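Number of protein chains: 2
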Amino acid sequence: ARRQWSAHGWAQAADGMAAVTSLMRAQQIVLARVDEVLRPFELTFARYEVLMLLLFSRSGSLPLNRIGVRLQVHPTSVTSAVDRLETRGHVRRTPHPTDRRAILAEITEEGRATALAATEKLNDTVFAEPGLPDGGIDTLVGLLNEMRQAAGDF
Amino acid sequence: ARRQWSAHGWAQAADGMAAVTSLMRAQQIVLARVDEVLRPFELTFARYEVLMLLLFSRSGSLPLNRIGVRLQVHPTSVTSAVDRLETRGHVRRTPHPTDRRAILAEITEEGRATALAATEKLNDTVFAEPGLPDGGIDTLVGLLNEMRQAAGDF
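Those protein sequence lines, which keep their order, are chains A and B.
The opening residue of the first sequence carries number 15 in the UniProt record's numbering; numbering runs sequentially from there.
The opening residue of the second sequence carries number 15 in the UniProt record's numbering; numbering runs sequentially from there.
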């Protein structure tokens, strides 16, 4: 496609197009692999990320809006992830102790056990072998961060 | 999160987790930016990619299954993208001239005009400034390809 871009007189944008397309395709393949590993746990990557955020939090709970900010996803996505996690008994909604307008999502014991079991599996089958050369991870993460910032990330 | 991974005794998988998480977040931010640019054209990136594939094809048409293979997406995703593009008059379905079981998606004149206008806009606002240093694109694309292969891409 990069060649096509140049052939159409868009040479200046060809590299950027290739970077974006490559990013989309890599994400699609890796997400499919991750979701396949998470399926037996009835988790998606989005729900897994919410669970891990709660697991790592000091009190095991966070306000819904904080979850959205931390994962950089829309409030409606947080709501729907927490809905699904609550249905499965992995989290419960509780009132915020001081802020009456805020709602906390709190991880349950079952949620913790599921998060840890899913992590073991992801570590073994995906994360331990990302398929990158020594030093490649830091380079990749650095370049992806630059792309995020260019796309208006904060 | 990388620190948390190490603190939990998962140090061996921490780099891979960081790479995957970074990939997901970058894709999410860049896709949001791209979709924002495409919205006035009533396109998503998935539909835009189908249109460009047809635009670049010699005859302006491709069998639906070939589109799926080229974009590495599930046949149902191709069907739904082509449905939406057909509703907007950007493509039309036609019978394959020699294979009775195959259906072609053919780009219309309006589809061509929309694809070109959307590309001008994407080139100007996203692709021309991917925010990467000189040589960074080739490095990034190379590393993303390695991740794809490790995740089972072909």
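Treat the hints loosely; a few may be bogus.
[Claimed, not checked] Under 10 Å between C-beta atoms, here's a sample of chain A residues computed to sit facing chain B:
1) L52
2) P54
3) F55
4) E56
5) E63
6) M66
7) P77
8) L78
9) V83
10) L85
11) P89
12) T90
13) G150
14) I151
15) L157
16) N159
These are computed hints drawn from the structure, not numbers from a lab.
Please read all numbers here as calculations on a predicted model, not as lab measurements.
Note that beta-carbon positions come from the ideal geometry of N, C-alpha and C, so glycine has one too.
Going down the list of hints, with the structure as the test:
1. L52: violated, 12 Å
2. P54: Cβ of A:P54 sits 17 Å from chain B, so the hint is violated.
3. F55: violated, 16 Å
4. E56: violated, 20 Å
5. E63: With Cβ-Cβ at 8 Å, under 10 Å, it holds.
6. M66: Holds, about 8 Å.
7. P77: violated, 19 Å
8. L78: Nearest chain B Cβ about 18 Å off; hint violated.
9. V83: violated, 13 Å
10. L85: Holds, because the Cβ-Cβ distance from A:L85 to chain B comes to roughly 8 Å (cut-off 10 Å).
11. P89: violated, 14 Å
12. T90: violated, 14 Å
13. G150: At 5 Å from the nearest chain B Cβ, A:G150 passes the 10 Å test, so the hint holds.
14. I151: Cβ of A:I151 sits 4 Å from chain B, so the hint holds.
15. L157: holds, 4 Å
16. N159: holds, 7 Å
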